[in-house]
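Reading the sequence shown from the start, the letters are residues 700 to 996 in this note's numbering.
Treat the hints loosely; a few may be bogus.
Claimed, not checked - Calculated cross-link-like contacts (lysine to any residue; reagent style SDA-like; alpha-carbon spacing at most 20 Å):
#1 Lys981 - His992
#2 Lys883 - Glu970
#3 Lys883 - Val828
As the list claims (entries may be wrong) - Pair ranges (Cβ atoms, derived):
#4 Tyr804 - Gly915: 51 to 57 Å
#5 Glu799 - Arg861: 29 to 35 Å
#6 Tyr862 - Glu909: 15 to 21 Å
If you are wondering where the hints come from, they were derived from the structure by calculation, not from laboratory data.
Positions of the beta carbon are idealized from the N, C-alpha and C atoms, including for glycine.
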Amino acid sequence: MNKITFMGAGSTVFVRNVLGDCMCTESLRDWEFALYDIDPVRLQESFEIISAMNETKGGHGKVTAYLGVENRKEALRGARFVVNAIQVGLYDPCTIIDFEVPKKYGLRQTIGDTLGIGGIMRALRTIPVMDDFARDMQEVCPDALFLNYTNPMAMLSGYMQRYTGIETVGLCHSVQVCSEFLLKELGMEDKLEGRRERIAGINHMGWLLELRDKDGNDLYPEIRRRTKLALDAHLYGKTQDAPDWVEKTRHDLVRLDYIRRFGYYCTESSEHNSEYNMFYIKSKYPELIDRYHIPLD
């Protein structure tokens with residue numbers, strides 16, 4: 700039986716979505732879905748949910764659970780794909796420290812898990828664990844494809860690609876929901892069904908290069924027109940006769956500003972993107988934070 704191993708299966712919502720999609724895919728639904736975590740309570744919760752989903756889908760697959768480092772090799776043994784979604788150190792205390800220490804010295808962050816001080820610290824505590832994964836994989840499933848969902852995406856995927864013998868691909872779910880989010884916030888829900896899109900770029904900085912409706916019509920001219928309305932309302936106070944949907948764009952102004960500056964929409968959230976470049980979080984221009992509704996710390 701073919702096998703998919705999910706590392707960090709205590710991330711119940713995430714494992715449900717990823718493996719749920721696998722169970723809905725005919726070529727994958729009769730595989731073994733091996734769940735691995737170091738937290739017994741969360742692992743059991745995920746095991747019960749995934750088992751129930753498997754039964755709902757006809758019980759074609761096999762769901763197994765492996766707890767703790769001592770069972771990690773067995774979880775990985777013979778896997779064709781290994782999905783990684785771990786968080787080393789948890790939110791409390793590690794993520795809190797990632798924010799509080801830089802803030803003490805005037806370095807502010809929005810998410811702090813992809814780059815900058817927070818991303819570096821997260822990478823330093825995560826790389827040793829992933830290196831252990833790689834060593835086990837080289838022994839029990841050397842040909843498996845490692846699918847990394849854990850941040851900091853570039854640092855961790857880069858480490859696996861450069862310093863281990865494991866074939867690695869970095870993934871982010873934002874690509875799948877990018878165009879849907881954009882059309883909904885711009886009041887273009889009628890264009891969702893049958894849409895076609897083309898996305899390219901580096902991980903966490905992909906670009907929606909093309910978006911067409913079911914009849915093949917280019918949606919970008921209307922998207923750019925509506926983007927201007929939204930930015931005029933939020934950045935320049937031109938709210939008279941603004942459509943009702945404009946309010947929904949309040950927390951996505953960074954990506955809409957990308958459309959204004961570069962012509963295209965970016966896959967990752969405005970909260971992430973405000974941290975990725977030099978335009979928005981600037982010590983000499985603190986007013987930009989409120990102007991673009993950027994959540995900090």
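Requested in this report: Decide if the proposed pair is consistent with the structure: Lys883 and Glu970, CA atoms, cutoff 20 Å inclusive.
Outcome: holds (18 Å)
Requested in this report: Take a look at whether the Cβ-Cβ distance between Tyr804 and Gly915 falls inside 51 to 57 Å.
Outcome: holds (53 Å)
Query raised in the report: Taking 20 Å as the top limit, are the C-alpha atoms of Lys981 and His992 close enough?
Result: Between Lys981 and His992 the Cα gap is close to 14 Å, so the pair holds against 20 Å.
Report task. Could you tell me whether the CB distance from Glu799 to Arg861 stays inside 29 to 35 Å? Result -> holds (31 Å)
Requested in this report: Could you say whether the range 15 to 21 Å given as a hint is met by the Cβ separation of Tyr862 and Glu909?
Outcome: Once the Cβ atoms are compared, 36 Å apart, the range 15 to 21 Å for Glu909 and Tyr862 is violated.
Query raised in the report: Is it true that the CA of Lys883 sits at most 20 Å from the CA of Val828?
Result: violated (39 Å)
In this structure, the earlier hints numbered 3, 6 are contradicted, and the remaining ones agree with it.
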